[in-house]
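Engineer: Sequence:
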Amino acid sequence: MEKSSKVIEADKISVRFSGDSGDGMQLTGTLFSQTSAIFGNDISTFPDFPADIRAPQGTIGGVSGFQVNFGKGVNTPGDLTDVLVAMNPAALKANAKNMKPGGTIIIDSDSFDKKGLEKAGYKTDDPITEDKLEGYNIIDAPITVLTKASVKDLELDNKSVLRSKNMFALGLVYWLFNRPIEHTQEFIKRKFAKNPPIMQANLLVLQAGFDYGENVEAITPSYHINPSKPRPGIYRNLNGNKAAAWGFIAAAEKAGVQLFLGSYPITPATEVLQELALRKELGVKVFQAEDEIAGVCTAIGASYSGSLGVTSTSGPGLALKTEAIGLAVMAELPLVVIDVQRGGPSTGLPTKTEQSDLFQALFGRNGESPVVVIAASTPVNCFDYAFYASKIAIEHTVPVILLSDGFLANGTQSWRVPDADDFPGIKVPFTKQSPGDFKPYLRDADKLSRAWVSPGNMGFEHRIGGLEKDELTGNISHDGPNHEKMVSLRQEKVERIANYIPELDVVGNKDAELLVVGWGGTYGHLYTAVEELNKEGRKVALAHFNYINPLPKNTGELFSRYKKIVVCELNMGQLAGFLRMKHPQFNYSQYNKVQGQPFTVEELKSRFVKLLES
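352 is the number of the first residue of the sequence shown in our numbering; add one for each residue after it.
Rather than coming from a laboratory, the hints here were simulated on the basis of the structure. Just so it is clear, the structure is predicted and the values come from calculations on it, not from any experiment. Using N, Cα and C, we set each Cβ at its ideal position, and we do this for glycine too. Among the clues, some could well be false.
[Stated by the list, open to error] In the DSS-like style, the derived pairs of lysine-lysine whose C-alpha atoms are separated by at most 25 Å in a straight line are: (1) K956 with K886; (2) K466 with K483; (3) K778 with K423; (4) K861 with K886; (5) K423 with K956; (6) K783 with K605; (7) K890 with K861; (8) K956 with K836; (9) K783 with K798; (10) K503 with K470; (11) K836 with K783; (12) K890 with K956; (13) K448 with K470; (14) K890 with K915; (15) K465 with K483; (16) K357 with K465; (17) K636 with K605; (18) K448 with K466; (19) K499 with K466; (20) K483 with K357; (21) K886 with K914; (22) K861 with K778; (23) K914 with K904; (24) K861 with K961; (25) K503 with K540; (26) K798 with K778; (27) K956 with K914.
[What the hints assert, rightly or not] Just the calculated beta-carbon pair ranges, DEER-fashion: (28) V358 with N509: 33 to 41 Å; (29) I411 with T698: 18 to 26 Å; (30) H829 with A771: 47 to 55 Å.
All chains should be built: construct the whole structure from the sequences, respecting the hints.
Structural biologist: Structure, rendered in structure tokens:
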């Protein structure tokens with residue numbers, strides 16, 4: 352049968368898969384994203400799931416979702432959803448308010464019974480009317496019944512059968528978007544190669560979902576999304592955590608040193624630890640410590656021995672690592688701490704995103720304890736900034752805190768595998784001093800970095816630790832003037848790094864009246880909002896910070912070009928406060944959101960228009 356006569360063509364479209372935590376929505380969304388990327392689409396994804404390992408089934412709190420925006424010119428997962436797959440009433444209830452008017456909603460009608468509706472909080476037996484969805488295209492599919500029917504000849508228990516119904520929804524969505532199912536079929540064969548009955552069940556159910564779309568005339572419209580034209584090369588889907596892990600590997604390779612990760616599992620950073628643990632063939636050493644403190648201390652020890660020491664964590668773990676980071680500041684050893692931020696304080700919102708740790712990264716240590724702070728801004732450039740964080744740490748013998756967040760860590764984009772020449776070399780600051788007269792704190796004239804000498808080098812024996820050092824010999828010193836000099840040298844060393852980082856760039860209207868300022872993972876939403884406003888005739892520009900301490904050298908000069916500046920953050924205004932400290936001559940407006948969710952493009956545009964008109 353031919354596809355329905357009504358076909359919607361669009362440059363990009365957003366699909367959300369939603370159901371209980373056990374319904375496989377994260378896998379379903381991932382497989383659809385991968386197929387769309389193979390088809391030639393740009394993608395941006397947003398996995399959104401509860402923190403509970405076993406969230407209450409059928410309730411709003413237990414809903415797990417995966418949103419993907421795909422097409423051409425994609426920079427965000429999308430504000431509103433064009434197509435929603437709701438595997439139960441709670442999934443519909445949680446997502447109905449975020450549907451694009453006139454969109455398509457696929458529901459598993461078998462789950463919309465009285466019990467399911469009550470658990471989701473519906474007051475009637477008509478959720479479509481109750482949620483005011485009469486103007487939407489509702490595909491009312493008996494997914495559970497058809498899943499069971501498609502595997503009736505297999506000897507499987509009911510639980511195993513029901514676990515495959517996400518493949519029915521995936522097959523139907525593949526049909527809806529004219530996507531091939533072969534890539535997912537190959538994935539299923541690989542994943543369940545050792546369990547043929549489960550493999551067969553998933554293959555049958557996937558095909559059944561696709562065939563349902565072929566055979567039911569009422570399913571309309573279908574969608575046609577044109578592929579983009581990417582730069583030639585090898586591409587793969589990559590999330591921020593894996594990208595960061597690979598960036599560390601690339602940096603160690605460029606520097607000619609061994610990579611060591613000392614870490615402790617913590618949401619949402621654990622995948623960095625897991626990914627590097629899989630890379631033993633590349634010479635990576637990974638130590639899963641008994642706690643956060645041991646993790647960072649082993650990384651510092653590895654740096655002392657001549658390796659690139661890295662530790663991964665989130666906000667609560669960064670708090671525990673604080674004292675040891677101060678030790679790395681005093682010892683002036685290379686160290687990279689990647690902090691994948693989440694909602695706080697305390698345990699907070701472990702699976703939700705927030706830019707809550709900037710002040711902790713900048714100031715969260717005792718004494719005058721400066722470190723370099725940089726932030727990734729897209730899932731795939733977590734690779735870039737992991738690389739450059741490592742380069743700065745090694746070349747300037749200084750701790751670097753790299754800020755990511757839950758949105759970047761779990762979100763995926765298409766990533767072009769770079770060539771080795773796309774990234775610069777990393778020059779390890781080996782000493783030029785003569786054996787027998789080694790002074791550990793003799794500094795490079797330009798960078799003020801000290802020599803990095805590993806143990807076992809005859810004539811270069813030395814000791815370092817947490818007590819204050821003599822400015823040359825490294826011996827313990829309690830002398831007041833020497834302490835002040837060392838404090839000043841450590842601060843100046845960090846400030847001089849501004850000479851080795853890119854200047855702040857601006858995108859948007861060259862004659863803008865309003866400068867939007869952001870940092871980290873808000874980039875895609877801010878960029879899209881600015882781009883759309885300029886197309887509408889507004890004059891807006893965007894300056895997005897990746898390097899925060901030190902700030903780029905041209906920050907003040909660039910700010911002086913604009914009448915109005917608004918700083919947008921997923922916190923209560925931490926970058927805005929830091930900018931007021933460093934550049935108090937400017938007046939900063941703020942737009943802040945602390946809901947565990949990223950900005951939406953529409954809310955940003957609305958705020959910017961009000962500022963332009965005020």
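Engineer: All the hints need checking, so say for each whether the structure fits it.
Structural biologist: These are the hints, each one checked on the structure:
The suggested pairing of K956 with K886 holds, with an alpha-carbon distance near 12 Å, which does not exceed 25 Å. This hinted pair checks out: K466 and K483 have alpha carbons roughly 21 Å apart, not beyond 25 Å. In summary, the hint linking K778 to K423 is not supported, as the alpha carbons are separated by about 39 Å, beyond the 25 Å threshold. Proposed proximity of K861 and K886 is supported: the alpha carbons are some 13 Å apart, at most 25 Å.
Restraint check for K423 and K956: the C-alpha separation of about 21 Å stays at or below 25 Å, so the hint holds. For the hint linking K783 to K605, the alpha-carbon distance of about 21 Å falls within 25 Å, and the restraint holds. Of the supplied pair hints, the one linking K890 and K861 holds, its CA atoms being roughly 8 Å apart against a limit of 25 Å. Note on K956 and K836: the hinted pairing is violated, with a Cα-Cα distance of about 48 Å set against a maximum of 25 Å.
Using a Cα cut-off of 25 Å, the hinted pair K783 and K798 holds, with the two alpha carbons roughly 15 Å apart. Among the hinted pairs, K503 with K470 is inconsistent with the structure: their alpha-carbon atoms are about 29 Å apart, more than 25 Å. Simply put, K836 and K783 have alpha-carbon atoms about 23 Å apart, close enough for the 25 Å limit, and the pair holds. Proximity of K890 to K956 is assessed by CA-CA distance (about 12 Å); at most 25 Å being required, the pair is judged to hold.
Note on K448 and K470: the hinted pairing holds, with a Cα-Cα distance of about 18 Å set against a maximum of 25 Å. The straight-line distance between the Cα atoms of K890 and K915 is roughly 11 Å, inside the 25 Å bound, and the hint therefore holds. Using a Cα cut-off of 25 Å, the hinted pair K465 and K483 holds, with the two alpha carbons roughly 19 Å apart. Proximity of K357 to K465 is assessed by CA-CA distance (about 34 Å); at most 25 Å being required, the pair is judged violated.
With a CA separation close to 17 Å, the supplied pair K636 and K605 stays within the 25 Å bound. The straight-line distance between the Cα atoms of K448 and K466 is roughly 22 Å, inside the 25 Å bound, and the hint therefore holds. As the CA atoms of K499 and K466 are separated by approximately 21 Å, the hinted pair is consistent with the 25 Å bound. At roughly 24 Å between alpha-carbon atoms, K483 and K357 fall within 25 Å of each other, so this suggested pair holds.
Using a Cα cut-off of 25 Å, the hinted pair K886 and K914 holds, with the two alpha carbons roughly 21 Å apart. For the suggested pair K861 and K778, the alpha carbons sit about 37 Å apart, so the restraint of at most 25 Å is broken. Note on K914 and K904: the hinted pairing holds, with a Cα-Cα distance of about 20 Å set against a maximum of 25 Å. Taking the CA atoms of K861 and K961, the gap is near 20 Å; set against the 25 Å cutoff, the hint holds.
Between K503 and K540, the direct Cα distance comes to roughly 20 Å. Compliance with the 25 Å bound is thereby established for this hinted pair. Taking the CA atoms of K798 and K778, the gap is near 13 Å; set against the 25 Å cutoff, the hint holds. Our distance criterion of 25 Å between C-alpha atoms is met by K956 and K914, whose separation comes to about 18 Å. Distance hint for V358 and N509: a CB-CB separation of about 38 Å, consistent with the stated range 33 to 41 Å.
One distance hint, 18 to 26 Å for the beta-carbon pair I411 and T698, holds here, with the actual separation near 21 Å. Separated by about 48 Å at the C-beta atoms, H829 and A771 satisfy the suggested range of 47 to 55 Å.
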